[in-house]
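Numbering (my numbering), first residue to last: 293 to 508.
Errors might be hidden in some of the hints.
[To be verified] Pairwise CB distance ranges, derived in the manner of DEER restraints:
(1) G390 / P369: 39 to 49 Å
(2) A395 / G477: 32 to 42 Å
(3) A339 / G443: 15 to 25 Å
FYI, nobody ran anything at the bench for these hints, they're computed from the structure.
Just so it is clear, CB atoms sit at the ideal spot from N, CA and C, and this is done for glycine as well.
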Amino acid sequence: MGTFRSQQVNWMTPSVAALVVGMLGCSVSVAQTQVSRPPPFAVVDSARPNDEMLRAYIHSLTFLSDHISADQRMLDPAHANLVLRAEPVADNYLITEGQLRVAGRITARLVNRGMDPIDRFALAPKGTTYLWIQYAGESPRGVLISTDSTGAIRRRVPVRVNPLRLGHPRFVKQALARLGTDSTGTMVLVLCAPCPPWGWCRADSVGTATWYPSDR
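Please work from the sequences and hints to get the whole structure.
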């Protein structure tokens, strides 16, 4: 697993990571006091739940787009026309490892700002991809739920979810989603929680994971 680094802050320095996140955690908006209802289903896989139930759950969530909670970047210097935005669920900092062992949650979304697809994150033109995280045994895993510009669900893609070994305050009071690059220069989505025990976690790219046998 590569070490996450941002284009704006040297996240490779643990003390800096702890300081910045700690500062952000001092201010919590009113929107973040809202606690999302848990989904009426426990897992997302290639067939469950049906699209209607999944869309209803998505519509029940509140996402934060302010400049502190969210992040917007171009995919890489070679693709300046590909711009995406990461937005956390308003209460994703309240989600616990124990909850994710009972039932997963959508913790963030990626919004495609342009008319070209971004396959790395299963993003359709002007589409939105939602990151679902749940536990399978002792390991967190993720699913990218891809929707088009109308909100219709187009596909579900299993992805790896990896904890990042960075300094982090124990108690986080700020929902965050970040876009950055790993040690190979590849774009990654990084969340501040709910990777255990407390810390940043990274959702890897499309095509790096497979459905568990029990999910088919």
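Next item on the list: Go through the numbered hints given earlier and state which of them the structure violates, listing their numbers in rising order.
Entry: none
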